[in-house]
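**Q** Build out the structure end to end from the sequences listed, making use of the hints.
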Amino acid sequence: MLAVLGLPLAGGALLALWGHEKWAPELNSMVSFCTFIATTLLAWKVLVSGPMVVLSEQFFIDSFNVFLVVLTAFVAFTTTLFSRPYMRNEALLSALSNYQLRLYHSMYQIFCFTMLLALTTNNLGILWVAMEGATLATVLLVSLYRTRASLEAAWKYFILCGVGIAQALFGTILIYFASEKVLGAGGTALLWTHLDAAKGALEPTVLSIAFVFLLVGYGTKVGLVPLHSWLPDAHAEGPTPVSAVLSGLLLNVALYAVVRCKILVEGALHNRFADDLMIGFGLITVLTAAFLLWRQKDIKRLFGYSSIEHMGLMTFAFGIGANFAGLLHMTVHSLTKSAIFFSVGHAVQHSGTQTMEAIRGLVRLPAIGWGLMLGALAILGMPPFGVFASEFLILTHAMQSHPWSTPVLLVALGVAFASIFGKVQSMVWGEGAGKELPHAQASLPILLHLAMALLLGLYIPPYLARWYSEAARLIG
Amino acid sequence: MSLSSQFINLLASIMLLLAFAMLSQRRIRSLIRLFMVQGMTLAVSTAVIASTTNQNHLYYSALLTFSLKVVILPWILFRMIRQLNVEWDVETLINIPSTMLVGIFIVIVAFNLALPISHLAGTITRSTIGIAMACVLLSLLMMITRSKAISQVVGFLSMENGLFFAATSTTYGMPMVVELGVALDVLVGVLILGVFFFQIREKFESLDLRHLEKAEEE
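Quick note, the sequences are listed as chains A and B, same order. Per the working numbering, residue 1 is the first one in the first sequence, and the count goes up by one each step. Per the working numbering, residue 1 is the first one in the second sequence, and the count goes up by one each step.
Among the chain B residues that face chain A by a calculated CB cut under 10 Å, a handful are:
| hint | residue |
| --- | --- |
| 1 | A149 |
| 2 | V153 |
| 3 | E160 |
| 4 | T170 |
| 5 | T171 |
| 6 | E179 |
| 7 | G189 |
Below, a list of computed lysine to any residue pairs in the SDA-like style, where the Cα atoms sit at most 25 Å apart:
| hint | chain 1 | residue 1 | chain 2 | residue 2 |
| --- | --- | --- | --- | --- |
| 8 | A | K156 | B | L191 |
| 9 | A | K181 | B | L115 |
| 10 | B | K203 | A | N98 |
| 11 | A | K181 | B | S4 |
| 12 | A | K199 | B | L113 |
| 13 | A | K181 | B | S51 |
| 14 | A | K156 | B | L184 |
| 15 | A | K181 | B | T53 |
| 16 | A | K181 | B | S5 |
| 17 | B | K203 | A | G352 |
| 18 | A | K156 | B | E202 |
| 19 | A | K156 | B | I150 |
| 20 | A | K423 | A | A149 |
| 21 | B | K203 | A | I159 |
| 22 | A | K156 | B | Q199 |
| 23 | A | K156 | B | V102 |
| 24 | A | K156 | B | A183 |
| 25 | B | K203 | A | L92 |
| 26 | B | K203 | A | A95 |
| 27 | B | K203 | A | T147 |
| 28 | A | K181 | B | N54 |
| 29 | B | K203 | A | S94 |
| 30 | A | K181 | B | N112 |
| 31 | A | K22 | A | L103 |
| 32 | A | K156 | B | L140 |
| 33 | A | K156 | B | I76 |
| 34 | B | K203 | A | T353 |
| 35 | B | K203 | A | L96 |
Now the stretches of chain B that chain A is said to cover, found in silico as 3 or more residues with beta-carbon under 8 Å:
| hint | stretch |
| --- | --- |
| 36 | 106-119 |
| 37 | 180-187 |
| 38 | 191-201 |
By construction, these hints were calculated from the structure, which means they are not laboratory data. All residues carry an ideal CB built from backbone N, CA and C; glycine is no exception.
**A** Below, the structure written as structure tokens:
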């Protein structure tokens, strides 16, 4: 447990000192790899002995968060593998200074630390602190290149998420206010395990006001419409490994925070208030994002909007109670979207631009071209990839419980398909030439992620299925 | 109504007045001074609540507020504006009288929203919950209407003040771990912003955010 949090923190400190050295990318990967090993051991322990509470109840691991912990550490690790050649190329192409490289590597690990802290903490207040910490760690990464556009994106990101997260703090204060009546003042009244045990006795009016604030607050970080406008900018302007972890990890963790709060509110309210809010926000998000996809010209922006669409879909899934499908979708989206960003990163370096019309002929770099093509097919929900399975489950569940929403979802998915597929196709097969990259691209993480997404589409191993069902039951 | 709770109500109304004053203040230097006074008021009210209710941990919280919001943050901000040389008047996006009118409307909304909560609160400070909420929303309004990066940050910080005030007045403060964490986040946030200001200035030769190209809303 300590290793899970301690490793990235120590890594952040080390890389702050030596992040510009030649071997820094390897050190970065090493730290993330060790973190990943530590999380798998942790997951093993939880699998064997059930949920646990450690360090005087400050940390809490159950099947819901442990699977996200492993996923987070895994994607963080493979992203460092991708970032090795990518950042070496960038250092040459964009002339990054030593200071910028140190900042990048150090903040990357700090970001992983805040993500893992947010996932494992038992204290709703610390959850808030960690989420805010994640914003602060990534804000300087978004503005790493110091171009006008990147500074603007980072400022927008900071202000919007800062305001959003302040609303979440207010929501947290309200929850504390309600729980203090039941659990008494002091440390335990914000501990999730205690709140969960006493959730039936919490004051419903206060909790419903609190949930609105929390949903708006953490929802800003999830990228729910209408609070999404920071997301495409931040994805487009930062270095690509950062886009990959923003999409693959940060959005998931923010959604995790929303779902954790939803469990409490649901227990106190005994009605579908929280569900309905999530369904509403989810549907609006899916629809808006799908139609905005059509107009995109920048490749990273395109996939940023695609992330918004998928986060909307997950929010919707948790709203209608399709928890199993929602969790599966979280996993496969993380894997597929980061694989796409890995290919996009090299594609952009290869052709020297982010404008899709100027990117052509990617198939000449087979791993990149095919990676992007297959990744796009996977994210669009083509069988046999995992996204197909989870979207299929969400749709069938929606058909049973909220039949009116199915056509809306199908239209959105269709529009998203038409917009992304056409664009990706011409980028991969079109005629055009790019330049040679000074460092060979990283194909392994792309293939690994796509293979896992494929595997999850064909066959979910029984222990994983048991795990998902257990977590889905917890969410209720 | 006891003397101390009257005193707390007085401080709460000062908080609200200060929020309005910040909304109408056009000079950045005075804006930061107002922010200092607001932090001071917050610290004093926290200390008063601590002494009347014997909640000892609130003394630490008051001390934390004082050192962070009256000493450290204004010092950083003053240093920043000296180095960046941005002392001129702030131009608002909406003119000040109409901002004030919107502000009054916001206060009414906030009081209505806070009504069910303050009915439930058992603290001696429950009548101030509406004011705390109003302060949060007024700071939000300030962030929206200002175009200078520094005044947006002051708005952000004063929103944090409002939130702390809400926390002390509804619940006698959050657990200490959380308060420390929040304080750390605020401090780091301002330091990062400092770096950020210099980067913006380097690129745009101004801290006026309207100089940033309009984001492609595509």
